[in-house]
Structure formats: structure tokens, C-alpha cells
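Chemist: Same order as they appear, the protein sequences are chains A and B.
Heads up, the first sequence is in our numbering, so the first residue is 1 and it goes up one at a time.
Heads up, the second sequence is in our numbering, so the first residue is 1 and it goes up one at a time.
By construction, these hints were calculated from the structure, which means they are not laboratory data.
List time: in silico DMTMM-like cross-link candidates among lysine to aspartate or glutamate, alpha-carbon distance up to 25 Å:
no., chain 1, residue 1, chain 2, residue 2
1, A, Lys177, A, Asp647
2, B, Lys145, A, Asp499
3, B, Lys130, A, Glu780
4, B, Lys261, A, Glu837
5, B, Lys299, A, Glu726
6, B, Lys307, A, Glu726
7, A, Lys741, B, Asp305
8, B, Lys299, A, Asp843
9, B, Lys299, A, Glu781
10, B, Lys112, A, Glu613
11, B, Lys299, A, Glu613
12, B, Lys299, A, Glu837
13, B, Lys307, A, Glu780
14, A, Lys772, B, Glu41
15, B, Lys307, A, Glu837
16, B, Lys307, A, Glu779
17, B, Lys130, A, Glu736
18, B, Lys127, A, Glu613
19, B, Lys145, A, Asp505
20, B, Lys299, A, Glu779
Rough simulated footprint, nothing fancy, chain B against chain A, three-plus residues with beta-carbon under 8 Å:
no., stretch
21, 550-557
22, 716-727
23, 825-834
If you anchor each label on the Cβ, the simulated ranges turn out as follows:
no., chain 1, residue 1, chain 2, residue 2, range
24, B, Asp305, A, Pro607, 21 to 31 Å
25, A, Leu593, B, Met124, 48 to 58 Å
26, A, Asn513, B, Gly111, 42 to 52 Å
27, A, Ile915, B, Val73, 53 to 63 Å
28, A, His689, B, Ile125, 39 to 49 Å
29, A, Leu593, B, Ala69, 55 to 65 Å
30, A, Asn513, B, Gly167, 31 to 41 Å
31, A, Arg620, B, Asp305, 30 to 40 Å
32, A, Pro607, B, Met124, 29 to 39 Å
33, A, Thr630, B, Ser138, 45 to 55 Å
Where is the CB? At the ideal position from N, CA and C, for every residue including glycine.
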Amino acid sequence: MKRIIPLLLFFVYTLSYSQEKKISLNYQDEDVANVLSLIENQTDFRFFYMDSWLADQDKISGNYQDVEIKDILIEIFKDTVLNFYILDNRIILTKNESVYDYLPDQFFGLQRDTVITKTIRKTKKKVDLPVLSSNRNNSLSQKIETIRIGKRVQNDNKSEYEISGKLTNKVNNQPIKEALILINGTNKNIKSDGNGFYRLTLPPGSYNFEINALGMERYQKKIILYGDGTLNATISEKIEQLDAIFLEKKKDNNVEEVITKTEINVKESKNIPLALGERDVLRVATTLPGISTTGEGGIGYNVRGGKSDQNLILLDNAVVYSPQHFFGIFSALNPFVLDEANIFKNNIPAQYGGRLSSVFDLKTKDASVTKFKGEASIGPVTGNILLETPIVKDKSGFLIGGRGAYANYILESLDDEALQNSEASFYDIVAKYNHKIGDKSKIEITGYTSRDDFSITSDSLFIYNNRAFSLQWDYKFDAKNRGELIVSNSQYKFNIEFDGQSNDDFELGYDINESHLKLNFDYTYSDKIKFNYGLSNKLYNVNPGNIEPLNGDSSVAPLQIEKEKALETAGYIGAKIDITKEIKVDAGLRYSLYNALGAGTQNVYAPGAPRTEASITEVRNFENNEIMKTYNGAEYRIAGRYLFTPDFSLKASYNKSFQFIHSLSNNTTASPIDTWKLSDLNIKPQNSHQFSLGLYKNLKDDMYEISLEGFYKRLNNIVDFKTGAEVLLNENIETEVLQGKGKAYGVELLVKKQKGKLYGWLGYTYSRSFNKFQSPFSEEEINNGNFFPSNFDKPHDFSLVLNYKFTKRYSLSTNFVYQTGRPITYPVGQFNFNGAEFTVFSDRNEFRIPDFYRLDIGFNIEGNHKKKKLFHSFWTVSVYNVLGRNNPYSVFFVTEDGEVKGLQSSIFSIPVPSITYNFRF
Amino acid sequence: MKKRYNIAEFFKANRLVYILFVFLGLYGCTEPFIADDLFTEDLLVVNATISDQVRKQEVILSRTIGFEADTPVFETGATILIKEDSLTEYTFEEIEPGVYKSIQDFGVNEGKEYELSITTQNGMIYKSEKVIAPGPTSIENVYAKRTINDEGVEGIGIFLNSFDPLGNSMYYRYDFEETYQIITPLWIATDLIATVQGNEVIFDTASRPEEEQVCYKTQRSNRISLVNTSGLIEDRIEDQMVNFIPADDIRVENRYSILVKQYVQTLSSHSFYNTLNEFSSSENIFSQIQPGFITGNIKSVNNPDEKVVGFFDVSSLAEERIFFNRKDFLEGLPKFEYDCEEFIPERGRLESVNEFRIRIATLIRNNRLRVLRFTPIINPDGEPNIVFVPRLCGDCTILGKPEPPDFWIE
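Put together the whole structure using the sequences plus the hints.
Modeler: Here's what the structure looks like:
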């Protein structure tokens, strides 16, 4: 890792050396590393870098006579991603910004809590020591400022005092995350947290205090510690000066973390070619093991054999029910606005609840508090924009991101009358305000909305809409306690208008609304034990459907299905415990209490009879807010890690979860008119148990990251329907609903190469997912009550994403996907009925559609990287489905002119080229 | 109460594909899917609709067949019995393979319970659930109106109004029998007859039968058409289109008649037909309705695991017939175009005159073409000069029957 060139000086340039020193050099087809040592041999310049950076560079040749070292280096590194910085006789190599992007989080591991390191002196004697400021010799101490911290108190025999503070970027006033704090030049593993706060304890005395943060200038002070105190630091950026930390052993987050989370690199997502040049962070997630979609044009994500309603998708802590546009072809989240995307699919931390399969935790970035900025992209059917502006300089900022599709113009310009009346458009807007109040607190307010409109026939209009709002207030009580107050509200709704020829014109609506209040606290008991605890309260209000006549001629009777209400309350506590250096445990307990509330009526069905309208024995009436039914239970979230070596670990976890709301769909894949139903007297909450075991290994200075994970999951009370059930506007929906069991298991392999000109990953999953609906009554059974493959059971799932950077400006990216075709119910015969032919279907999901595979290629051209340039731009040229594979999305059978015909539909059956222009200012 | 809305309309494949073509630049596609590894299940299919109209009721028994198979397979030799309130029994006899008719005329009575039982030739016994007959129904009126359908085609729509002041009907199924008149466009009074005597062909003229000029064709609907009024304030059906005929269809070339049948069904029977319909109509591309086996109300007594296709449907029936002429509605719109291309046989270079005459005689006797014009052939050795047209242009019996049906009114 660390490369320190032994001092092998043949010539000693004794006195003055300077950067102006001219040298002569000659080399042919040499490795860059060799050339650098050649320079080291000739001069007393010393290079600092990581071997792996140079490993992938081409061989170089050069011949220089009396040239400044700077010019040689410019020549050597001009076509690489490396920069250099000359500091006295040290030459420090850095990687350029775009490569940096993925480093910070992984570089120090993902621990967001400040670690307290105790440096207790060996002398345990508590003596009233005079604090001495010793003039220790330090070559760099000439201009170092000395700061006195704390007040010395007589007879205070505390052996240690605490220093805490906040690190801020001088340029944009953003907190500096993950900065490493060095005491007397040594790394005690003290870092600033996600909000730039740090804290440490030291015995009284004098120290060299240094802060190293990636991309920031080195901050160095001499401190004399008398007592507890604060030291805030404002640090400049820009000059990418490399410090000792860079030579520090990198933390292997994937190996060390107890709870494995899947982290999507938002910025890297631009390098993955996608349909119609649209960046899509969540689509990148589907190239990772365990996360898939039902196909092109499939809404929702299936995580580890779970239905798409089992994912909790959070945008700044507010739930987004359907974050996709146009049947899943586009993501409804503006990629410019996203800062972090983490997916928990293995063990879900106790602070999250309410969904069985995963948590997609998406965070928007903070608006700039220093200057006006913008970013935009123009693609073939959509445009994206992000604008950021400071409100109160250095304190608060506001950002707004928007995206829209302009396909309507194309539709309107057509000659076909039917299509002229068609409409297909969507947009999404996200806005955020962030405000810092002093050093201790911060407020963030996010608003989000997305809307899709389309009318396929001239007499119908279909609209669906997501809305989310959240307010988060972070407060730091003291060095050990932090808290967050989160208030959020989310809504999903759809609306259908039908204006046809006969007397049944109608308007139909559905909506679900949830309000969430959460208090989340972190308490650091010691550097080995940390707690996270809190309370969460969610109120759901559902309008399960209403229909109204659209005009006076319509004789549609207005109908309002009884509204539903429920309160989901949970308390949780989790602890991260370092038992030994090797063994770390993250254990959480969540207790959920769910109350279905009135006003409303609930049907009681005769036991021992199939549930039909005829078997209703009693209808119970409930007052407003009266408890109709209570469900409660404990959820366990336990994960452990054992470190064999610093770069090799074993992790195991057990996860139990409840889910109280269910999406109802009588389709094989999710659709925008799926409704959400709250658990009540007749529909029980779903629950799941997941066991997983994984091996994690990093290789070659973390150039390669390998993980192998296995999981086994059991689900109870999963929801399905009787064949041909009607979901919308059904007053007794429980007579159509079936609840049964599910099981899923699989093995996931991920190999990542993170560095070099060629980087990317390979993911392979073998997994199965089965459902079972058993009942004493045949009409309430599917496939005679046996386990059958779920709609998203795709045993083999292979993804390969490879990027190659030719130069700083040109890069190529490829994406290859292979999946087993999803299960399908086929017709197994035909019969004649009233003059027409009809089909008889097989058992549920007995067959499969053909396998899916697709190759996409993209080419990115960046504008030049001159710093002073007003606009930074890049072009993305991509071809989706290069092989022109006609991947069937669905196979269906129709009766036309009295004959049964099999048809298959695909969304993209030919290669789809696109070009997108992106720029920022 | 269940109400089925026309939501599937929004997601119909055809239209959506167009949108996708535009939106995504012609990337999507729907094409025939050839499934090669399908297997066939051989199941009993029961098609039994009995109504309150007193007549010989009908039950059809068949078997499911593979997709390759063209000919239906009927279940013959079965014994069928319908019980009314477990008291009265109506027996059936097989009048043609798979088609069973009640021996006596009967109609179902409102509020009474009916049960169908079938014993097949191999001894398997099947029984339906007990079904209660719904109340009687009536049609307010049926009328024809010039209209443009959803695909933008102009033609004639057959509409219906119905009203049940008691509000008990709610679940309606429609079906019809249409009859149309065909008038041959190129009918000529004199026909050419060819008689072969030994090796010689003798041509003669004769008068063409008048019946070949005007015919009547009757056919049944082959779709399931369902309406329900459970979501409406009144049990009223207004301007419901039962059938649509494009202006240039042969059916509306002259005079047309339709017998519209309105069945009032039970909820479960309505659901069965509706599911059947949903599974066979054009699908939505993005989300496919979960198909599966549609369980009816007939079960095997011997083997509860055996699947039985079909439904014992006890309905009330109301019928209404209307007549109209093309000129009443469709004046000025394009008419049906007969394909009456003239065909004039010529003697081949190596063909003798006699061989040519024999060929002509064969053409006449094959009755695929009809003579339109010919020069009188006096000379028995002369070369005939004959103009043929397709048979339909000169003889409508290829399509219909010459006698008007009993109900026909000019």
C-alpha cells in the first residue's frame, strides 16, 4: 500500500534544491513507476502514490534535456486520470475528481459515528500535573498556531478531557465528512461523522492536532489541552494536497461492516448505458445481485424473491410509493439531485420497518450555500435540470430539480387522428431547503412530486401521482448524544376518467396517504458500544376507490368504498458492539403495534366455510378512531461479523419483519393501478424471516472486492387473488384475497474491480422464490395448495458492467444482462363455447417465457477540464440492446375471429440509439 | 356486489403499442408467439344455458382439444338430467353428437332451484351446484343507427335499451342471430349448360333459377358480450351497442335483420363469462391479468381433483328482432365490393378445340365460377367464347339459402 522509496541517493545535491531544478532524462517503453524511480534516483524528489494507480497505465517513452521536473510530469500524466502536486521535494500524485467520487465513503469505512479513542497514559496515577507545553521539535511547526483548549481547574483529577467540534469546508460551508484526525501524527481512527462533527478524548497535555480530509488542505494546529472544550475548523479545499492519510491503510468497508448495505454510486450511474440516455440510479441497482425487475417495462423491484410491494423506498426519509414513470421505463427520481443511494436487503437496521424485503434509502444532496450552480441534460424524449442557490450565505441553500418528457409534441404533430388525441407525458420535481443553525443543529426540508398522464383512447385519461414531503431536524446534544426529528407525509394516487359513447362515463379515484413522525437518537456509550434508538408513528389514510358519474348523462351511481385508517407505531433499539477486534455484533429489536381504526365496518365470516358474500355472519360497525383490530409483534434484526484477516470476513444475520400494508394486483406484474390495502380484521399482516451468511474478501490493495452471500427466507400471509378477481371498487375485497406462504433462497456472487482504467463489476445470483396457497376449499387454493414458482422467480441472473477510461475525456461503458425467463401460465387446450374458441390454462406458473439477455454500450465524451471554464459538459452516446434481442416481456393469448392466437410483446426489440447532452455551471 | 368497469380498455395492447411506437421511436413490437412445448389436457366442457323460455332446452358436451386440432371432439353417449327443486326431472336425448336436447319443452321458473347432472359413457358422474333461476326480463327496444366505432370505421350499430324497474336483473349477457339478404349483382336469366356425351361436349342454354338471385344467410354471434348495471343508480341499460357492421360489409348491402337475445344471469355465472372474456381479449402489454384455470360450478363426483370446464347457466331470456334496409341508414357510404373479376378461358397452343371444350365443361360443372356472357355456340366443333365471374357474383346460394326464413318480412 504505502510506497516509500528507500533513500538510495547516488548524488547528493547538498544545498539548495528547488522546483526550478532542471533535469535530463531518457527512457523508452518504461512503466510509469520505473520512470518515477528514475527521477527519484537522479534527484531528491520523492513520489507519493498508490501502486495500483500506475498499474494500468500504458508504457511511456520520453527524452528530456534540462527540463523542469514539472514539464516532464505534465507530459507523463497528461493522458491519465492522475494529477500531481509538488510540495517542496515531495511530489504527490492524486487521482482526478471523477475517480475520487467513490473513494471517500469506502476509504474510511462506513462508520458514521464518531469513534472515541482513549489514549490513557500508562501511568495511572492521578497527579495534579502541570500542563506543559513542550517545545518538541517538529519540522513543520514553524508557522503552526497554538490553541489552548479548556480551562484548567485546580484539583480536577480527570485523566482525560474531551475535545469536540465541527469541520466545515471554507469554500462551500458544507460539513466535511469522514475527515481523519491525527494526534501527534498518529492515526487514532478518529473521524468526523456525516455532519462534520468529531469528538475525542485525551489526557491533558500538548499535542499536534491535524485534520486530514480528502480533497482538503491540511489543517494543523498545536493544542494545549486543559479541560473539555471545542475546536471547530474551517478548512480550504482545492489544492489536492495529499497527506499521510492517503498512505494509510484503507478500511475495507465491505469486509468490516456488520450490516452489508448495497451502495449505489450515484455519480458512476452516468456511465451506465440505459434506454434513451436516461440516467437511472435505481436501474443501476438492478445490475447488482439480489435486485431485479420483472422485465423491461416492469414496475417495481423484486429483492431476494420478494414482491415489489415489499420495498420501503425512502427519499429523504419520506416514502415514495411508485418512483417510476411510464410503466417503469424511466425512473421518477432526478439523478442530479440524488447524493446517496443505499439499499438494505440483508439485514435491515431496527430503525426501519414496515416492509419485508428491503429498504432503499435515498438521500438528496445539500444545496450549495456559497454560489449559484446548475446542471442540466437534454435527451431524446426527456430533459433534466437542477438549480442550486444559497439563501443565507454559508448557512442555507435551496435546490430545485425538475424533469419532463416532451413526447406530447411528437404525438400532436402526427397525422393519425386517434394518436393526435393521445397523450403521454410525465414530470417530476424535487425541491430542498437546508439550513444550518449554529454548530449543533441543521434543518432539511424536502418536497417531491411526480406525475404521469396518458390517454390511450380518446375517451379515457389516466393519471398517477406521487407526492412526498419531509422535514428533518438534526440536533447534537453533546459529544455522545445526537438526535433527529423527522416529520414526513407521502401520498400516491391515481385517477381514471372515461368519457365514452354510452351512459357509463365515470371518474374513478384511489389514494393512499401516510404521515410519519420519527424520533431517532444515537448514543455513544463507549468506542465499543453504540446505541441507536427511537420511536416511529405512522398514520395511514386510504381511499380504496371512489367512482362518480362524469356528466349529467351518465347513470353511473357514485360509489365510495369505505375509507381505511390505521396507526402503525414502533419503538426500536439497536446496538453496535465490538466484542473483540474480530467479532462485532449489530443487534436490534423493533416492536411494532398496528391498529386498524374506524370509522368503518368489518365483515365477520363463518368459520369453516369459504369466504363469500354468502358466508358473512355479522357486520361490525366501528366509530371514528375506534380500534377495529390490533396486531403486534417483535422484530429481531441481528447481524454479526467475524474478521479472519483485515481483508477477509464472515457475516451472518437473522432478520424478522412485519408488513401491515399490501399492494393488491390481479396482474402478473405490478402496474400503476395496483392499490394498497391496510391490514384489517380479515386481512392479516405479512411477516418474514430471513437468514443469511456471507463471505467478504478484498484483494490486491482493495482493487478487487469479492462477496459471496447466501440467504433463506420464509414469508407468511403473502397476498394473492382468486383467478379473475376484480380488485378495484370491490366492497368485500377479502372474499377475493388469498393469503399464503412464501419461501425464497439463493446465492449471490459479486466481484468488483474498483480501480484502474478498466473497472466495473460482475454479479451473479442463483435464487428461487415460491408461493403456496393452501385451503380446505378448492376455490381458495392455487395449484392444489402446492408450492409454485412466484411471478418473479428467475433462477439465473447475471450482470456484467464494465467501464474503460481511455483518457480523462473519453470512456466506454458496457452492460450485459442475462436472466432466466420469468414463469408464466400457459394455455393447455382450447374449447368452443357459444361459437367462439377459448383457452384452458395450465397450473399457475408452470411454464417460462424465453430467457432474457441484452447488451448495452455507451460512450461518454467529457468536455475539457479547464477549471475556469464556465460550462462543463459531456455527451453520452449509447446504444441500448445492441444485439437487437427481441426479449419477450409478456406472452399472451387472444381469441380473435373465433381463433386462439398466441402473441408475445416486447418493449425494445431492436437496438435503440440515443444521444444526451449534459452540462453544468 | 361487484361491478366490473371498463378499465382494461385503457391498457389494450393495440393502442398502447402505437403510443410506444411514437414515444420510443418504433422500438416495441407484438408478434405471434409460437409455443412448441405445450401439452394438452383433455377435459370435459359443459355448455349449458337454460332459460325461462319454454322450449326444448339444450346442453352441449365436448372435450378440450390441442391448438393444432381443427375438429371439435364431442362427448357422446352421456346421460343428462336437470332437476327442478329436487322434484321435477327433465331428461335429455342426444340429437347429434355432443348436442343434447330436452325431451319435453320446459322453461325455468323464477326462484326455483335447478341442478344439472351428467353421467358420461365411461361412468363418470358430474354435478352442478344448485342454481336459483332469476326473475324474468324484457327488452325496451332495439334500434339501428349509423355510427362510427372506436376504430374510426363508419357503419351501422345495433343498440339496445332495457330497464328493470325492480332492479333485480343487473347481470346481462347478450348474444344475437343475424340474417341478411344477398342479391347477386351479375345474375343473368340465361345459363349455359354443358353436357358431355362420350368424348363430345354439347353446350346448351337454360334459364337460370330465380333462387340463385336472392338468398338469406343466418349466423350466430361468436363473442361474449356482457353488461352489468350494479354500479348504476337504476337497473337501466341505455344505448348499449350489441353489434356493429361496417358500411362496406356484405351484411348491410340490402336488407338485414337481427334477433337480439338478452339473458339475465346470476352473479356467479356472470363472473364466469367475464373471466372467460378477460382471458381471451387483447391484453395490456405492461401488466398482464393473471390467468389461470377458471373454475365453473360443475364438479366431478368421482374425482374431486378433476377439472371441469364450463358452467350451468340458468337465465331469463328476452328476445327482440328488428329489420332495416341499407338505404334507411347508409346512403352515400362505400358499399360491399364484390370481387367480380372476369375470367375468359383461352385455348392453349397445344390444346385441341375438343380438349378446350372439355375444360370449359369442367369449369361449368365445378361450380366455382359462373357464366356471365357467351357467344351462342352453334357449331359443335366451334371454339366457345365465354366470360366467367366468381360464383357469388352470379349465384348467391354459395353463401345463403334461397328461401327466406320464416320470420322474414320484406
